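Asks: Those sequence lines, one after another, are chains A and H.
Going by our numbering, the first residue of the first sequence is number -13, and it counts up by one from there.
Going by our numbering, the first residue of the second sequence is number 5, and it counts up by one from there.
Just so you know, these hints were derived from the structure itself, not from any lab.
Wrong hints could be hidden among the right ones.
Said to hold, decoys possible - Straight-line alpha carbon distances no greater than 16 angstroms define the calculated EDC-like cross-link-like pairs of lysine to aspartate or glutamate that follow: (1) Lys88(A) x Glu477(H); (2) Lys656(A) x Glu282(A); (3) Lys425(A) x Asp469(A); (4) Lys114(H) x Glu289(A); (5) Lys377(A) x Asp430(A); (6) Lys703(A) x Glu636(A); (7) Lys668(A) x Glu636(A); (8) Lys91(A) x Asp21(A); (9) Lys114(H) x Asp485(A); (10) Lys662(A) x Asp648(A); (11) Lys88(H) x Asp438(H); (12) Lys84(A) x Asp28(A); (13) Lys114(H) x Glu395(A); (14) Lys66(H) x Asp438(H); (15) Lys68(H) x Asp438(H); (16) Lys782(A) x Asp254(H); (17) Lys379(H) x Asp101(H); (18) Lys87(A) x Glu477(H).
The structure presented is a predicted model; accordingly, all values stated were derived computationally and were not measured.
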Amino acid sequence: MFRTSMKRFTIGCAGLLGVLIGSTAVAKEVSFNRDVRPILSDKCFACHGPDSNARKADLRLDLRDSALTVIEPGKIDESELIHRITASDPDEVMPPVKFHKKISKQEVGILRDWVEQGAPYESHWSFIPLAAVTPPQVQSGDVFNAIDQFVLARLQNAGLNPASQADRRTLIRRVTLDLTGLPPTPAEVDDFVNDSDPLDVAYGKVVDRLLKSARYGEHMAYSWLDAARYADSDGYESDPLRNMWPWRDWVVWALNSNMPYDRFIIEQLAGDMLPGATMRQKLATGFNRNHRLNNEGGILPEEWLVEYVADRAETTATVFMGLTWGCARCHDHKYDPISQTDYYSLFAFFHKLPEQGSARGDRNAEPMMHSPPLPKIEEYEANQKALAPLKAEQSTLAAAQQFTAQLKEWIVQLDDAQRKKLPKEIAPVAPDKWNAKQKAAARDYFLKNVHQETATLQKQIAVWEKRQAALLKAGAKVMVMADMAQPRKTHVLIRGAYDRPGEEVAAETPSWLPPMKKSAPRNRLGLAQWLVDPQHPLTARVAVNRIWTHHFGAGLVKTPEDFGSQGESPSHPALLDYLAASFIESGWDVKGLHKLIVMSRSYRQSSGMSQELLARDPENRLLARGPRERLAAAVIRDQALFLGGLLVEEMGGPAVKPYQPDGLWREIIKGGPTYKRDTGSKLYRRSLYSLWRRAVKPPLMMLLDANERDTCRVSQKRTNTPLQALLLLNDVVFVEAARGMGSRMMLEGGTTEPERITWGMRLATSRPPTSEELKILQEELTSYRQSFQANAVAAKALVNIGESKPNETLAVDELAAYTALARLLLNLDETITKE
Amino acid sequence: MNSADELIRLEKRRHFLKSSALNVGAAALASLLGKPLAHGAAPTGKRNAIGGIEGIQAIAPKAKRVIYLFQSGGPSHADLYDYKPHLKNQFGQNLPDSIRMGQRLTGFTKNQKTLPVVPTKFHFKQHGDSGAWLCEHLAPLGSVVDEICFIKSVYSEAINHDPARTLIQTGAQLAGRPSMGTWVTYGLGSQCRDLPAFMVLTSIGSCKRTPQPVSGRLWESGFLPSQYQGVKLQSVGDPILYVSNPQGVDQAIQGRTLSALSRLNGIKAAQLGDPEIDARTRQYELAFRMQTSVPELTNIADEPESTFGLYGDGARKRGTFAANCLLARRMAERGVRFIQLYHVGWDHHQNIPRDLPLMCQDVAQPTAALLMDLKQRGLLDDTLVIWGGEFGRTIFSQGKMTKEVYGRDHHGRCFTMWMAGGGIRGGMTYGQSDDYAYGVAENPVHIHDLQATILHLLGIRHTQLTYRFQGREFRLTDVHGNVVQDILA
């Protein structure tokens, strides 16, 4: 369980909580990080910031010492900075007119107040150690856990109240979708609604059940694959397919077994470097081999090798530290203290692979590890261990003089009949004519078949080897990390160009973050250990923010990809630090963190919104209401299959090819693999397992805002388009699911029409329809029924959609009517929304 | 109830919703169709009535829409447009170092011992009042050269297809940025109610060598909202994916379903107050209209016989470049903002004499037809037409060569593209290559300059169309780009 008993000294929480987003009131007390840095960063740092090459007038405004040449603390009139930003002369005003970045009146006011208050500087909020925070005391309101204290304090400061608690049906649907990516069944809803235990206990039981479900790992893996730019093809040109699925299964396994997050990082960055690394740990390092690979003819391998290494460094920085490392590839970062040297020092950690710059197309690229399917990986390793002594014994025997003597003797006495039994390549040739290769073949034959002791061993060895071969055949050759014995040298690349090396750099972490331990190796393992050091200010904050985002739709930091100076400051900084510190203290307990969040009252409040609140806080940054958001692409498809009773919950294995309109691949790629749609159960697996070809992405997923999987993405998009409507109304997978759901309504929903409709509504939304809704649905059903009774051909066509067969005991016209009704239910806004 | 009745009902319903709708979601309503929102100006003032950015057109726009005829693979400029007759005498001579100037070569030719110049084997002729030179296989274009501005000094740093295409379509060599069509529709919104603002058509060339594919990534939205991604028109099955009703469902049932959906969503919206719900209902209504408008767009049966005389018989066959040119004109008529065609197959490493004429046969007549057709309909004035690939090809031969059989490698340092219509000065050539069609001799035009110019013609200052991502203001032209003033009408 998650430990929340942190007794630490409070620092300045009240100050941090002082100002509201969306409030027009300007705080009297100006905070540098909250109020001033965003202005200076956006408007000034490009020319007066960290990038030494772009710096103008030798002035830095990111450092106080330098800034004091234009700021007289406490004296607005004597401060050149204020004079310049308010100047009316176009030659004097800053930022220069051509820069198109005017400082607003309100911003001038903030800067004036700040100068008046002595122009204090603070280090950027995310680079300083986690603040030791005690949850603020709140006078009134329900507090379920510490999260609510922070949220309530903030709301009360803004003169707002939290929403009422969501009802049980809404709550169980919300939490089930959030933790497993599938909705609750009507029975699960009933159990929860009728549970006589106090709400908190009953709800806690639900949460614990969901966290134990294997569906949890499958659901949580999806966004990790987005971050890790996981796909089933190389991503350039003819876009050959690749095999990285055992790594995907590793992610699901790690999440389901609640691997502590520090371990999760270490194994993915450097599992191969752990003492006595297991195959499973080596497999984890596939994380940094998921980038795209270019197999185009005519590429210069040295150029592309640089791209791959850059991708690893930038992805690592974004995923674990929320930093925009890529901005420092050609020059020093314009806003954050990432120098170009820092860029290549991180790059150096990932520059040591024995890799070629060009891909080979269809066969992955070295270094690789032939992995059996994940569940068999330990069996394979154990077999190898059992096999080793047998092989050792065999070779010892074969190395003995006696063996050699017997071999010679055997060759000499070979008669014609015996020779015919020899392997093909030596049988027709007389022994005295054998070349070296043939001699070796003869020796091998003798060893395995003739010499008594070694042949006996061979029988045992063969059994093991056959098993091993079968295990490997079911697996795949997966790309993994490995370091060369003699690593390449790494240089700063001038302007980022692969062929313009500058000064040599060593693998090192940036000086403006806490240093690596002296004893730590300067390799990926050392890097990973540095990331998970409790002193690291970013790792836990970024992780906690990502998990928060999963539940609330937006993060405490709204820019998960940027915790730097240009990113958005946290809406609840103290809460972020509190959660981050608790997360570390809990032993990086990921499920514990999920539980802490979903158990909070803040998460459990209703997502209804008044016009007033909507106008006041359209993005719900203050959390005066619960989260409400359209479901992700994968969840929408998986839910439909689940409601239709079609979902096949088989875990792991090679990617599957579900329904996709014909001809999509051929339309733009002549030659190469074809999309041969799978049949049977593979059509109905969770979307996590659907094949992802980068050049022609699955349209279903792309229309519903799935991330592209070309490069690292740590945020999710949501749009609302008519193409989504066409997809959900017309695509075979959704109509087949509607047919399944229609027949379930008839078979499982009761005997009367209202019962069946009610049950269908409960399937889709976890709640019964209101009487008004029921009336509409009944009218529709009647109308559909009339249509299909009048048109048997149409009815038959509709119920026969998709590969699975309709239930033959059901009347076709009636099933068609229920299918049409289920289709309506599947398209309800409420059905495709978490609320 | 028939579907027309349904639509009337839906309109009424919308009117009702409008009077009660909350304005906050209006920005979210600026959908890929950018349906005009009568009272829909977002309270932030950031989006205008057609879903564009308020005030983004700081310049008087000359073009309302773009048709981009992308020639994928790298058409050989020296064999098509950039005629160097004096090279006839230099067959087989090594390219002078003074011309190459250490220029990097691709992996195909970097280990080649010599770089022998191979002049084009094709005949060239001058056309029109402007006297533009065209390869014999492009002769059909002769009738429209006076509409065209040839730019013979385009250059790109990229030397391989994927990065080069990504650069010209997104402004950066590496994946992840939005495509040009996405930027344009994100900035300008949509001029039509019932079709997507950014549409994509692909066709596969007739060359014998297997064409290099284009990636769907080229019309994705990158970090911009996915509603601005290009919508690809298919050449098999539904022209727009999922636009047809499922089997057994007719328009009456479909309309009835949408009507019920609208009522049920309305109940929920009233109860919960989330404006996103009404927004979704409207997208469903638009989807329903698209089920009519898309077949209307793609049904070319209503075209007179003369159309096929103009575009050629190929235009009757779905998925050809000719058919796509015809569809491009139909989209332009309907107000589609950014019409992106890709014709793949110009990557002629080995046998230009065999493959180039086949590709010309695909494109010459339909391209000329498109320009003429647009002009006849008064659409050329405000439609910008762009023709070109991701780079050109080397003047030296790759691998073995004879006068009859030669191939050329990728070449980004100088190549030819052309533009016409929409604010472009026709009948001119801008920029010159050197004597070997190898380097730029005069008026270099970088890819970013081209992009800046395209945006300029649409009324956008390229430095102002920005989007903040990862803490940085990104734009199509990255941190570069100058408008090529001299080619503007």
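Asks: Take a quick look at whether Lys88(H) and Asp438(H) sit within 16 angstroms of each other, Cα to Cα.
Replies: 9 angstroms, holds
Asks: Keeping to a limit of 16 angstroms between CA atoms, is the pair of Lys425(A) and Asp469(A) held or broken?
Replies: With a Cα-Cα distance of about 37 angstroms, the restraint between Lys425(A) and Asp469(A) is violated, given a limit of 16 angstroms.
Asks: Holds or violated: Lys114(H) and Asp485(A), Cα atoms, limit 16 angstroms.
Replies: Between Lys114(H) and Asp485(A) the Cα gap is close to 15 angstroms, so the pair holds against 16 angstroms.
Asks: For the pair we were handed, Lys379(H) and Asp101(H), check the Cα-Cα distance against 16 angstroms.
Replies: It is violated: about 46 angstroms lies between the C-alpha atoms, which goes past 16 angstroms.
Asks: Compare the distance between the alpha carbons of Lys114(H) and Glu289(A) with 16 angstroms, and conclude whether the hinted pair is satisfied.
Replies: Distance of about 14 angstroms is within 16 angstroms: holds.
Asks: Given the hint that Lys662(A) pairs with Asp648(A), does the C-alpha gap stay at or below 16 angstroms?
Replies: This hinted pair holds, its Cα atoms lying about 9 angstroms apart.
Asks: CA of Lys668(A) to CA of Glu636(A), is that 16 angstroms or under?
Replies: 9 angstroms, holds
Asks: Lys91(A) and Asp21(A) were given as a pair; does the straight-line alpha-carbon distance stay at or below 16 angstroms?
Replies: 14 angstroms, holds
Asks: Check whether the Cα positions of Lys656(A) and Glu282(A) lie no farther apart than 16 angstroms.
Replies: Satisfied, since the Cα-Cα distance of roughly 15 angstroms is no more than 16 angstroms.
Asks: Check the hint pairing Lys114(H) with Glu395(A) against an upper bound of 16 angstroms on the C-alpha distance.
Replies: Not satisfied, since the Cα-Cα distance of roughly 58 angstroms exceeds 16 angstroms.
Asks: Hey, Lys88(A) versus Glu477(H), does the alpha-carbon distance stay inside 16 angstroms?
Replies: Between Lys88(A) and Glu477(H) the Cα gap is close to 15 angstroms, so the pair holds against 16 angstroms.
Asks: When you check the alpha-carbon spacing of Lys68(H) and Asp438(H), does it fall within 16 angstroms?
Replies: 35 angstroms, violated
In this structure, the earlier hints numbered 3, 6, 13, 14, 15, 17 are contradicted, and the remaining ones agree with it.
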